[in-house]
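Visitor: Given chain A, work out where chain B should sit, using these hints.
Going down the list, the protein sequences come from chains A and B. Each residue of the first sequence is one higher than the one before, counting from 1 in the numbering used here. Each residue of the second sequence is one higher than the one before, counting from 1001 in the numbering used here.
Among the hints, a few may not be true.
[Stated by the list, open to error] From the structure, some residues in chain B lie toward chain A, with a derived Cβ separation under 10 Å: (1) Pro1171; (2) Val1185; (3) Gly1198; (4) Leu1201; (5) Gly1217; (6) Pro1224; (7) Leu1226; (8) Asp1291.
Derived from the structure by calculation, the hints contain no laboratory data. Backbone N, C-alpha and C define an ideal beta-carbon position, used for all residues, glycine too.
Protein chains: 2
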Amino acid sequence: MSAVAIRTPQQTPSVLRVVGERTSDARRGETTVVLPLRHAGPHEVCVRWEVRGPAHLPVVAVLGGISANRHVAASRTFAERGWWDAQGDARWLAAHRVVSIDWVGSDGTLDAPIDTADQAAALAAVLDVLGIDALDAIVGCSYGAMVGLAFATTHPARVRHLVAIAGAHRPHPFASAWRALQRNVVALGQLQCDEAQGLSLARQLAMLSYRTPEEFGARFDATPILDGGSARCASEAWLAERGAAWAQKTSATAFVRLSESIDLHEILPSSVRVPTTLVAFAEDRLVPPDDIRALAAGISAPVRLQVLHSPYGHDAFLKEPDAIAHVLARALDCCEEACA
Amino acid sequence: MSAVAIRTPQQTPSVLRVVGERTSDARRGETTVVLPLRHAGPHEVCVRWEVRGPAHLPVVAVLGGISANRHVAASRTFAERGWWDAQGDARWLAAHRVVSIDWVGSDGTLDAPIDTADQAAALAAVLDVLGIDALDAIVGCSYGAMVGLAFATTHPARVRHLVAIAGAHRPHPFASAWRALQRNVVALGQLQCDEAQGLSLARQLAMLSYRTPEEFGARFDATPILDGGSARCASEAWLAERGAAWAQKTSATAFVRLSESIDLHEILPSSVRVPTTLVAFAEDRLVPPDDIRALAAGISAPVRLQVLHSPYGHDAFLKEPDAIAHVLARALDCCEEACA
Chain A
1 MSAVAIRTPQ
11 QTPSVLRVVG
21 ERTSDARRGE
31 TTVVLPLRHA
41 GPHEVCVRWE
51 VRGPAHLPVV
61 AVLGGISANR
71 HVAASRTFAE
81 RGWWDAQGDA
91 RWLAAHRVVS
101 IDWVGSDGTL
111 DAPIDTADQA
121 AALAAVLDVL
131 GIDALDAIVG
141 CSYGAMVGLA
151 FATTHPARVR
161 HLVAIAGAHR
171 PHPFASAWRA
181 LQRNVVALGQ
191 LQCDEAQGLS
201 LARQLAMLSY
211 RTPEEFGARF
221 DATPILDGGS
231 ARCASEAWLA
241 ERGAAWAQKT
251 SATAFVRLSE
261 SIDLHEILPS
271 SVRVPTTLVA
281 FAEDRLVPPD
291 DIRALAAGIS
301 APVRLQVLHS
311 PYGHDAFLKE
321 PDAIAHVLAR
331 ALDCCEEACA
Chain B
1001 MSAVAIRTPQ
1011 QTPSVLRVVG
1021 ERTSDARRGE
1031 TTVVLPLRHA
1041 GPHEVCVRWE
1051 VRGPAHLPVV
1061 AVLGGISANR
1071 HVAASRTFAE
1081 RGWWDAQGDA
1091 RWLAAHRVVS
1101 IDWVGSDGTL
1111 DAPIDTADQA
1121 AALAAVLDVL
1131 GIDALDAIVG
1141 CSYGAMVGLA
1151 FATTHPARVR
1161 HLVAIAGAHR
1171 PHPFASAWRA
1181 LQRNVVALGQ
1191 LQCDEAQGLS
1201 LARQLAMLSY
1211 RTPEEFGARF
1221 DATPILDGGS
1231 ARCASEAWLA
1241 ERGAAWAQKT
1251 SATAFVRLSE
1261 SIDLHEILPS
1271 SVRVPTTLVA
1281 FAEDRLVPPD
1291 DIRALAAGIS
1301 APVRLQVLHS
1311 PYGHDAFLKE
1321 PDAIAHVLAR
1331 ALDCCEEACA
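Next comes chain A alone, as it looks inside the complex:
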């Protein structure tokens, strides 16, 4: 057990707690910092982080979707599977020192508007604590891609390459409408004392936006089952199970504030001055490829855009490990060459 406290002029992160020796293969910590939340003013928050891999390797921040957390992959010290392990090939991580955080707001204790720039400020505070001046790369997926874009805008000197998968510079108005209705469903459940069911339904609605008709057409029957005088569609049980599991581990406040955070995300493409690799999925109904094309056209640095096909739509970032591994091999090699 060791504790480190580093001060910077703008922010004053203080380390609450660190688990894991400096010599172990991974460490976790909690850092309190006063974040100047863009829409809610200064708030003291506790940022939970994990770092994995030896200090001499290139440092990468790996940031996932809104339901991801600081535990990216298993290590000797923290042996449970991480979210990247769950989605496929995590071997590329072994060649890097990996930093990640639990999203600010994900524990449900902060009931205020949070945006992606606030998450970027939290990541910067953790880098201060860890003594990391600059990241060799950020690999961000979905919400993590938006946070990566925000970080590249607010801290351009602290990252050398950005890989943003299935994220754009702004939310699409149709996707925003979809999320707004999910938040209203949560509110209906909350006001009426059935928070779990409201959360479950909101998550199920979100699932539809993450997936595609192509997947559902191949996976589920068109004929419903009549059960107790009502029809149950073929996908209902699967959706309900996913919704209930999710509601059990998530607070309504966390869901609403992180969902809202996506809608508050807004950066100017030209303010991104870091070499960037963008990945879009042609079938993504949440982050349309056209929005990522517009972002690519506006970035003020070398940019490479890859548009991939997947029946999984937005969730391809989780469900297409081979394609993602290929993108990362190319992007991070390029980054490492640039840094060599």
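Guide: Chain B alone, transformed into the frame defined by chain A:
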């Protein structure tokens, strides 16, 4: 005021009430009939109908979406705008005798599974009452297209041409999932004593499935407004207004049973032995053009398929009056020639 009662061997429709003289330009009536509901067994239901135009003109049943009713267009007798008037050019109706019905279940008094074949049986019972042996055509949009397809299957001798706009032989599993979640949102509202809000949210979710990202992208801003510590997306007020207006005029039972009815819709394309014109919208996210193509390929009669483009997606059947008028001019001319 006049009353007519006609008996047929299978069904025994009895006329409850007729409004309007035989000599007036339009009449309305209510007919009780025992319908052998496909999933719920025999039920006595009251079918409300309207007929408009003189008896010597070609007879067309005009059937709209689940929120449509028997009042297709204004007449001298019933001067309020009908749902076809609201969507555009209703001049073609003047050349026809027009029959329509309120959907069985739309008044919320029948809490049992209803399907499109049951609606077709209700239409047939009304034709018995009106002394109409066979329709020159059915023009059905969305749910009305499904009912038209069911009628062509169960009563092939009673219709000479079918125009089915934005409807297929079965629901798509993704659209079914979307509807199932809407019904679950209604149930959340009902159980928790906020039926109006549950219905409103369900309708708003349905609206998203009727429209497209293209329309929302052109119509609404990406930046939300922060209002009392929460973000409100640009489309939220518009959606909420539509949802509330709809909840005010619809019962939860009607919504749930008609929504379910779409999921219970299932016909064998080869069982359609009536000349058919099909219209699909390329951007329709609820009834994908590929499903309508599969239907076209299977129909056992001359079939013409037109795929049209519209930023309104599924709602193009309401929002593209010129394109629809063009389709009808061609389809009904052809039908009238065939009948001449």
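Visitor: Hint by hint, note whether the structure agrees.
Guide: Evaluated hints:
Hint status for B:Pro1171: holds, given a least beta-carbon distance of 6 Å to chain A, under 10 Å. The criterion of a C-beta within 10 Å of any C-beta in chain A is met by B:Val1185, whose closest approach is roughly 6 Å, and the hint holds. Of the supplied interface hints, the one on B:Gly1198 holds, with its beta-carbon coming within about 6 Å of a beta-carbon of chain A, less than 10 Å. Against a cut-off of 10 Å between C-beta atoms, the interface hint on B:Leu1201 holds, since the closest Cβ of chain A lies about 6 Å away.
Hint status for B:Gly1217: holds, given a least beta-carbon distance of 6 Å to chain A, under 10 Å. A distance limit of 10 Å between C-beta atoms decides the matter here; for B:Pro1224 the minimum to chain A is near 5 Å, and the interface restraint holds. A least Cβ separation of about 6 Å between B:Leu1226 and chain A falls short of the 10 Å threshold, and the interface hint therefore holds. Hint on B:Asp1291 holds. Least Cβ distance to chain A is approximately 9 Å, under the 10 Å limit.
Violated hints are absent here; each numbered hint is respected by the structure.
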